[in-house]
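A.B. asks: Chain by chain, the residues:
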Amino acid sequence: MSKVTTSCMKYTDDAPEGVSEAAQSALAPLDVRWSEHPELGGWPGCLVETVRFAEACAALRDSAGFDMLVDHTAVDYPDRKPERFTVLALLMNMTTQERLMVRCRVADGASVPTLCDLWKSADWAERETFDMFGIPFEGHPDLTRIYMPQDFDGWPLRRDFPMQGHNRFRD
Amino acid sequence: MSTDQTTRDATPEATPDAPPAPTGENPEFSTAPFDTDIRLDAGEDPGERMVLNMGPQHPSTHGVLRLLLEVDGERVHRVVPDVGYLHRGKEKIGETLGYHRYIPYTDRLDYLAPLANNCSATWAFEKVCGIQAPQRAQAIRTVCCELARISAHLLGLGAYGMDIGAMTVFLYTFSERENLYNFFEHLTGARFTTTYTRIGGVARDADDEWLRGVRDFCDGFGKKVDTWENLLTNNRIWRIRNEGVGVIPRDMAISYGLTGPVLRGSGVGYDVRKDRPYGLYADVDFDVPVGQHGDCYDRYLVRIEEMRQSARICVQIIDKMTPGPILADEPKFVLPDKQGVMTGMEQLIHQFMLITGEMDTPKGEVHSHSENPKGEAGYIIRSEGGAAPWRMKYRAPSFVNLQVLKDIVPGHLLADIVAILGSIDFVMGECDK
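Order-wise, the sequence lines are chains A and B.
Each residue of the first sequence is one higher than the last, beginning at 1 in the working numbering.
Each residue of the second sequence is one higher than the last, beginning at 1001 in the working numbering.
Quick caveat, the hints were computed from the structure, so don't treat them as lab data.
Take the hints with a grain of salt, since some may be wrong.
[As the list claims (entries may be wrong)] Sample of chain A residues at the chain B side, in silico, Cβ under 10 angstroms:
(1) Asp76
(2) Trp124
(3) Tyr147
[Said to hold, decoys possible] Some residues of chain B that are not near chain A, with every Cβ distance over 12 angstroms (derived):
(4) Gly1165
(5) Arg1239
(6) Ala1282
By construction, the Cβ of each residue, glycine as well, lies at the ideal position given by its N, Cα and C atoms.
Just chain B, with the same shape it has in the complex (with noise of 0.2 angstroms):
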């Protein structure tokens, strides 16, 4: 075909080799709807009734999650969430890598606290090898899970407000979230997808630096989680819009499997870091806020409370930190440090052999729970030995506390289903898995 400027002014229908228009009838371009709606039919009457689609793509969906809803005017009589765009198959992905090679993946559940992720995953793995990580690797990965949290609540708290149309809270959080990421990045070398932990220890020794920029920003948090509240708790339209919305009872909290703030904001003051501790979590002070009506508003109040103890819970394991070794002396499972992996033949074997598969779990099911800053996060693992599970289930905490729209949203209003997505804060990454 010609390029001059004439051709390339000219309408599509003019070029000869244009491809045909999508018709229908080929069934590589198939125009026909979705059958999804057939689920959402009205009954028998609808009456007054319709049927809108809100999502995948919408912003206060936090990601692609669909919500079909039966609309009477404003009011929302039904609402049928609609996930599984962003579903990867991690679980096939890990029983077919293997458990080394399935720790970057893990960035990816909830990108929003990738840290928090890599710890979980690998405290399970651990659990398999029957070995443990040492100390200090423990007390850097339990100040990575808490600067988590208050990463990912910062998010939460700052497009919750947006939503809503407090837009400073939105600016405030984000300026805040940026120096977390700096430390992210300082420790990891990476801000967001930081695959960070290794079997039996993390992948860096944190600094003196580090350590002492995380506590001083931690010593500084409290102060500014001031402000925000200043910003929201006793706003009156923020108290309006969040006060008696979306109420989650006690009983249905428990019934739907819910975890996390979402289930504390209903009164339980249920928290896997305090009923079974992990990393070092028993060694440390800190209290588990609960809420008492079960509403977004006290949702909302769980989470502020919960950074400011996640800030109190870092400075507390600083204090405390000793130096010493960050890998465990494990070889039949842990990889050999970098350093050596670069310059000794030796290592660099051994962490061939490990990542190829040469590695010999034991035989059995483990299961292992860790507080993720959206809820519990699990793994049912079954090794079959070998250096893959035979089977790895991730319980997602956010496909877990999303089934809950459907009991809560019925009856509220159009505009209120955007707190309440808010104020359950989910993630479409790790609910989709």
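So here's chain A without its partners, still in its complex pose (with noise of 0.2 angstroms):
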């Protein structure tokens, strides 16, 4: 693989096609970038500053009805400096079924604001992220490990760990 370091993702500050008005001017208060729109067929996205991240999604929530948090991840780029990971939050307005892809960048060790306030589904979709990528999430009420075995050494899924693990049970 190729060394890539810096993410494919072009941000400007005109809202793409697609965003509603009501989610333009929730965001508008907190300086937002928007994702250019995207060719190969994603929703609409944005980028945000990483302490204001679960203040964007609750105006998102709030204001502009964005209720359901359908996905939650994280992309890792080990040489990107100085922020390692981008943390992305898919949701979606339930009742006019508009999508919204909110993201923000973080550096390795640096923690998240949670969204558990936010949403039930974020508890067990941040013990996730943190369980595949290390990324600590401030505020969560129960941060362990969801898949792996708790004592488990390393973080699978950020693209430096080797994909046949740390052969520590070789014989």
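With the hints as a guide, bring both chains together as one complex.
C.D. replies: Now the structure itself:
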């Protein structure tokens, strides 16, 4: 795999087509950057400051009707400096079926505000992201591993984690 | 060691070569208890409460789900679902192997509906490549998805009934499922691990005999559903066991991100097939059943009606199906047909190059989702070029749906847990990825 030092996503100041007025005005005070309308058929998305991640999601939930957290994950770019990870949260408005991908970037070891106060599904979703990437979520009530054993060493879905594990159990 | 009869009858302790019994001092054979129980500390005053372990090998947990229950007599006060016993790292595998070679692994996600998984993965990968499967391939895939839904709901219903004590339903639904598996075998060559779809189409064409057979099956299917409903829907015991049990209010369902029949049972009429049609769902006419109370009984009714609608969709698509190619003409991404690979040098080289990673996908982020039997199966794929995704996230509907147990189980009796688990209808292969 060739070395990827930066994400392919491009961000601008203008909201792409398909983002509702309500979502734009909810995010207006937060100084977000919008991803250029994705050619590959994804949903519109935006990039917010890490410390305001939960704030942005709360604004979307309360003033733009995004009442479901559909999906939550992270993307790892080991060679991207200084912020290695991008955390993604896919939100959906059940009334209009509008979806929006909210992203924030975070360095290795730094934490992201939790979404547990906003959606109940955030509990396990964040535990999964924590388990796989080792990104701590600040304010999470029970941030423990969910798939891997509690005493597992390493973060399996980081790009630099070896496919065959650490091989500690070889004979 | 001598192998005569007397030595074999001797007790293991008598043989000098036997390995030492685990003592706890040897780290390789630790007998220390698992510390998961620490998380179920009953608090300051446990009173009469005890912690009961259910699973991971309990028959009614449908796989390797483990529940830690804090019970007072028969009454459950707290539940901690413990998942991850079947975690195989599917996403890591996909990020390493690449798009083409990941498709067989999708069979093992929701192993009760492998065809639906094949299709949802391929639809996502085609979005990454920027291609579309031809009309006939889309039609076959749509039929496959619906047959998979019927098959998954049949198993769910049979096991659900059996857990509550309605043994007969299990026998009916399983014999019906056998017919479906014969169809899958005819079409794909395998009954469970189908690996049927390819990027840009499907592996083999459906012949007329298969289409006729499926159409006949779907025509007569409604009557069979009536028979099973006779056994359950107005059955007094079934209703007492299910009505008002495991109620998920509408707001809670949305906040937990539930999808599929579990969400629709709570009165939210959200269905990906209707709201964001993919495949050929935009061309067919079907209803989305919605419950009212959000209890186990409503979820059961929603699934029953979904099976009828699935049969209806299959009939409409088969009637409209026209001959045509089953693979898109996009040599940059689509594997050559198998006959050519077996006989022609160029096709063989072509296939070899695509499989070993000589494929360059566009960069970007793709979000794709489809309505699998258990709920919304979603892919978030970040592509940085190349033949493998940089990051592939699979949204497993069972994983998301299971979390609601924390809120709906407390207050119920132990026996109701079995009904609730059956009505949520999860598959651990998918939940644990």
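A.B. asks: Please flag the earlier hints that this structure goes against, numbers listed from lowest up.
C.D. replies: none
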